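J.: Below, each chain spelled out in residue letters.
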Amino acid sequence: MASYNTSDFKRGLKVQIDGDPYLMVECLFVKPGKGNALYKCRLRNLLRNTMLDRTYKGGDSLEAADVTEIKAQFLYRQQDTFVFMDNANYEQYELTKEQTDDAWKYLKEGMECSMVLFNNSPISVSPPNHVVLKVEYAEPAVKGNTATNLTKPVKLETGAEITCPAFVEMGDTIRVDTRTGEYLERAKA
Amino acid sequence: MSDQGASHGNPPHEFLPSADWSRLQLRARLLARTRAFFAACGFLEVETPLLSADTVVDRYLDPLSVTLPNDPRMPEQGRKLWLQTSPEFGMKRLMAAGGQAIYQITRAFRGGESGPRHNPEFTIVEWYRRGDTMGDGMQLLSDLAEALLGLGPADRVSYAEAFGWRVGLDPHRATVDQLRAAAERLNVHASGSFAETDRDNWLNLLVALVVEPELGKTRPTILHSYPASQAALARVTGDPPVAERFELYVRGVELANGYHELVDPEVLRARNRAANLARAADGRPALPEVSRLLAAMDHGLPDCTGVALGFDRVVMLAAGAESLAGVTAFPIDRA
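One line per chain: the protein sequences are A and X, in this order.
Just so we're aligned: the first sequence equals residues 1 to 189 in the numbering used here.
Just so we're aligned: the second sequence equals residues 1 to 335 in the numbering used here.
Only chain A is shown next, with the shape it has when bound in the complex (with noise of 0.2 Å):
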């Protein structure tokens, strides 16, 4: 298997420690004028996303973690399965909710996304930046009723709540950021 070398170390770099898969998120190089290289290490835990941090001396090597990117579409979810299909072979990967992190809220069947394989198996899962989504149900909005309630939680087609400007309506198409999760216009229909 691959590995990298402490010269080789870097932000964004995908190695394996004790088994699971991280991603380097931080690289300081501290080097005495004599003494060994130290390499002071934040490292994610793509599978848990938890945080290590780690000092390694020059020398040192890390795995290369086996991941690789693909486009793939968000074919149907079924309870809180939600399954997709690689563009590319047209192989059927599943994810469970939980490992979908937030990005159930915006998947909707024929969505293209991008997906993080490990050993073959899927571990994350980003849909694009903006996705165009319906507006299931919202309260409606009360004539007269203006300075408190400028904004209010709707739910979107996915089963997902968001925050809109009061204006939304029920059946509305709105446009999402899924990055931060937060309402961006009204779209066309």
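Hints listed in this document are in silico derivations from the structure and should not be mistaken for laboratory results.
Here the structure is a predicted model, which is why all the values come from computation and not from measurement.
Fair warning: there could be bad hints in the mix.
Result set (SDA-like, lysine to any residue): computed pairs, CA atoms no more than 20 Å apart in a straight line [claimed, not checked]: (1) K10/A <-> L209/X; (2) K10/A <-> K80/X; (3) K80/X <-> L68/X; (4) K40/A <-> R117/X; (5) K40/A <-> L186/X; (6) K40/A <-> K80/X; (7) K108/A <-> E157/A; (8) K10/A <-> S323/X; (9) K134/A <-> G110/A; (10) K10/A <-> G111/X; (11) K40/A <-> E214/X; (12) K40/A <-> P213/X.
Since the structure of chain A is provided, determine the placement of chain X on it from the hints.
T.: Frame of chain A, contents of chain X only:
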């Protein structure tokens, strides 16, 4: 693994310097001030070769080499010379040849050192004065730092004091197990490979990550009297034996390293051998143990103290910059 061929597909703006003109002007003023300081102290400015048959034999310094081809059609074949990691050997040869007080401002090269505070090619200020004790050397370094940075005279603290204060252990006597436990207690998470290393690697880890960041926070600080195992080219004295070695720190940044110089050639021969054995164990190539410095020491190196100062880091601190790139026209990725 590394990005290949970055140099010619670069965005067009990368022809520009990474430091702005105000910082390049500050750099020039500090260079002039350094020369004025040494002139006022009666030092002679000297120049020694960047390319030399000799190089410092240090466990963790990786010198770059250059081949002088005999035949231009076979540029890979010929005599191998070393780009100097510091002008130390050349300057000590001048001291052995009658030098009294000499200084140099030059470039130095160290392989594998790249980061916010490292560039493989950098500017070094180095000086030697005959008859100086470690105390004299620390005083001169403090005076120069004051002339360049204006932060007042440097405090002095021994390695053992600073280590005891931050880590709670005596660095000259603590065992590997005690050092490992201290690292864990201080939230320093060492990689598994530290299990197979020696005491010095644990000391180095704790000093670099726990002690150094606290040094020179309010006033410049000189750390002195290093563990004998980290003597490099300093002489060792006392009980417990300590190296007459000192370093200057300002705001947690290591700026200079000085020695009351080792003059005994037999001790240097033994240290060179030990350094090459350690290099071999680390998978590093051996470096030449026989050098003209040894010949100079056989002839007689006078009692003297010498210091090397990282000039780019001084400019970085004076400018309030975050990295060397902010005070260097063309750092390595734009070189």
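J.: Give me the numbers of the hints this structure contradicts, sorted from smallest to largest.
T.: 2, 6
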